[in-house]
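Enquirer: So you can see what is in the structure, the chains are spelled out below.
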Amino acid sequence: EDQVTQSPEALRLQEGESSSLNCSYTVSGLRGLFWYRQDPGKGPEFLFTLYSAGEEKEKERLKATLTKKESFLHITAPKPEDSATYLCAVFLSYNTDKLIFGTGTRLQVFP
Amino acid sequence: DAGVIQSPRHEVTEMGQEVTLRCKPISGHNSLFWYRQTMMRGLELLIYFNNNVPIDDSGMPEDRFSAKMPNASFSTLKIQPSEPRDSAVYFCASSHYAGVEQFFGPGTRLTVL
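Those sequence lines, one after another, are chains X and R.
Residues 349 to 459 (the working numbering) make up the first sequence, in order.
Residues 15 to 127 (the working numbering) make up the second sequence, in order.
Everything labelled a hint here was simulated from the structure, so no lab data went into it.
Treat the hints with care, as some may be off.
Under the rule of at most 27 angstroms between Cα atoms (straight-line distance), these lysine-lysine pairs were calculated in the DSSO-like manner [unchecked claim]:
1) R:82 with X:390
2) X:405 with X:427
3) R:92 with X:390
All figures in this text were calculated on a predicted structure; none of them were measured in a lab.
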C-alpha cells in the first residue's frame, strides 16, 4: 500500500534554532513530491515540487531535498512566523493523477 | 488572480439535511480536486476532474456524496443526507493540469449536528 509518513508530528523550536522535518514514502512509483505549508483556518499553501533524487529547492529559510525514500524540509534560523503545519504529498507514477498527503508536522517557533 | 474561491466558509446544519459546497477554480486551470480534512485522517482526496470530466471518484465515501463540474469555472460537492461524521473541513484545489502543483481554496468548515 502506498504510504506517506511525516515526522515528527510536532516540533517546538526556539527562534534561530535550525532543524529538519522528514517525509518518508513507500510507493510503487514516484512522479513528484510536494511540500505545503498550512496555517490554522486556511488552505494549504504550495511551497516546493521535487521530481528526482538529489534535487534541492530553496525559499527564504526553507530548503527541501529529495532522496529515493524520503524528503527533508530544512528550516534554517526559523522565526515565529514560520510556525505552521507542514505537509508533504507524493504524486504517483501510475494509475491516477492524485496526490497522497502525509499527516503533517506541526511546527511552533518561540521567540 | 483571486485564487480558488469556496463558499460558504462555514456551514452548520442538522443531520439529514442536504449540504452543497461550491468552488470556483483559478481561471485557466484544467484540473479540480475536492479534499476533506479531519484530525484523524488528515487530507483525503474525494474526487477530481480534468477538463470538467470526473476522473477518479474512488475517495468519495459513499453514495450520499456527489460532485459536479458543469463548466470550467464552477464545481459543487453535495452531501445528501448529511450525517455528523461528515463534519470536517472541505477544500477545493485546482491546477493547470493533473500532476503539477495544486492551489487550494480557504476551505469550508462543515458541522453536522
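Enquirer: Decide, hint by hint, whether the structure agrees.
Expert: Status of each hint after checking the structure:
1. R:82 with X:390: Given that 27 angstroms is the threshold and the Cα spacing comes to 24 angstroms, the pair holds.
2. X:405 with X:427: holds, 19 angstroms
3. R:92 with X:390: holds, 21 angstroms
The structure agrees with every numbered hint stated previously.
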